[in-house]
Amino acid sequence: MLEEKSSLIEDIDTSNFIQKVVEGSKEKPVIVDFWAPWCNPCKQLTPILEKIIIQMDGKVKLVKVDIDQNQNLAQQMRIQSVPTVLAFSDGKPVNGFSGLKGEEEILNFVMELVTISEHSSDELKKINETLEEAEKRLQNKDYEKASSDFVSILEESLPKELMIKAISGLGKCYIGQNKFIELNELIEQLEDNIKEENEIQDLIKSKNYIENIEVKEVSGLEVQLKDNPNDFDIRYEVARGQIVNKDYSKAIENLLFIIGKNKEWNQNKAKKELLDIFSLLGDSNPLTLEGRAKLSNLIFK
Numbered sequence: 001m002l003e004e005k006s007s008l009i010e011d012i013d014t015s016n017f018i019q020k021v022v023e024g025s026k027e028k029p030v031i032v033d034f035w036a037p038w039c040n041p042c043k044q045l046t047p048i049l050e051k052i053i054i055q056m057d058g059k060v061k062l063v064k065v066d067i068d069q070n071q072n073l074a075q076q077m078r079i080q081s082v083p084t085v086l087a088f089s090d091g092k093p094v095n096g097f098s099g100l101k102g103e104e105e106i107l108n109f110v111m112e113l114v115t116i117s118e119h120s121s122d123e124l125k126k127i128n129e130t131l132e133e134a135e136k137r138l139q140n141k142d143y144e145k146a147s148s149d150f151v152s153i154l155e156e157s158l159p160k161e162l163m164i165k166a167i168s169g170l171g172k173c174y175i176g177q178n179k180f181i182e183l184n185e186l187i188e189q190l191e192d193n194i195k196e197e198n199e200i201q202d203l204i205k206s207k208n209y210i211e212n213i214e215v216k217e218v219s220g221l222e223v224q225l226k227d228n229p230n231d232f233d234i235r236y237e238v239a240r241g242q243i244v245n246k247d248y249s250k251a252i253e254n255l256l257f258i259i260g261k262n263k264e265w266n267q268n269k270a271k272k273e274l275l276d277i278f279s280l281l282g283d284s285n286p287l288t289l290e291g292r293a294k295l296s297n298l299i300f301k
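Residue 1 is where the sequence shown starts when you use our numbering, and the numbers rise one by one after that.
Keeping only pairs whose Cα atoms sit at most 20 Å apart, straight-line, the calculated DMTMM-like set for lysine to aspartate or glutamate is:
1. K205 with E185
2. K160 with E188
3. K92 with E23
Using C-beta positions, here's what the derived DEER-type ranges look like:
4. N16 with K294: 52 to 58 Å
5. G99 with E155: 32 to 38 Å
6. E185 with N230: 43 to 49 Å
7. I299 with W38: 47 to 53 Å
FYI, nobody ran anything at the bench for these hints, they're computed from the structure. We put the CB at the ideal spot given by N, CA and C, even for glycine.
Build the full structure now, drawing on both the sequences and the hints.
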């Protein structure tokens, strides 16, 4: 056990940082623990790191850097506080954190590094390209092909960031297809730490939002709206019907119309509905970007 520990955990300095970390991470992922003798959180964190590294059975190496003895290196690596932990794979930093973390968080951090290291740069590039294509298809409401792409991505062993994007994308496809049984099953099988991620929280919020919308028959309301264009109650109900029918562009237009006429109508009801649509569509969706710009112009004009 001592020999195993000595091969996986060691102290390094400026002179061998390139060899041990940059070059070394091309063979095996490396975690760098920047610490200082006077740092009490460091004294708590380092033993947790060492314990987990030993448990990983040689998949990851841990090196420790005393910033007091290696000040130039700490400056070059932009270390602003200790403890700071950086993860290297294939010669590059790929993740990191500062401050004291619990054992479960650190284990997830190390597992994420192992997952990243299992993919070559070309493989990760291909996965990202597939993800981008799936997101474009989602924006274009090609839910069938988009969901197929997201499912194929999720069949891989993925870094957490990519996995969350794919789960969120697949969930939005299910919303677009009104497949709420599948959506609920997808969410229920997620681990708690994944459910807590912002994108998944947004997905859950969007699911609840769509499921709880109660609307009247839209075509009849649209006829009424032609005769009463400034009836905000009717226009609001039309917008909600358009949301259910996935006609988000028209829904956004109708809500912006209300805000343009009365910014605080019904205790900001139109604005709240609009922000819920943006959350559903996602920050990068062209409808969200255009809608937010128009909303800002109306609010601040």
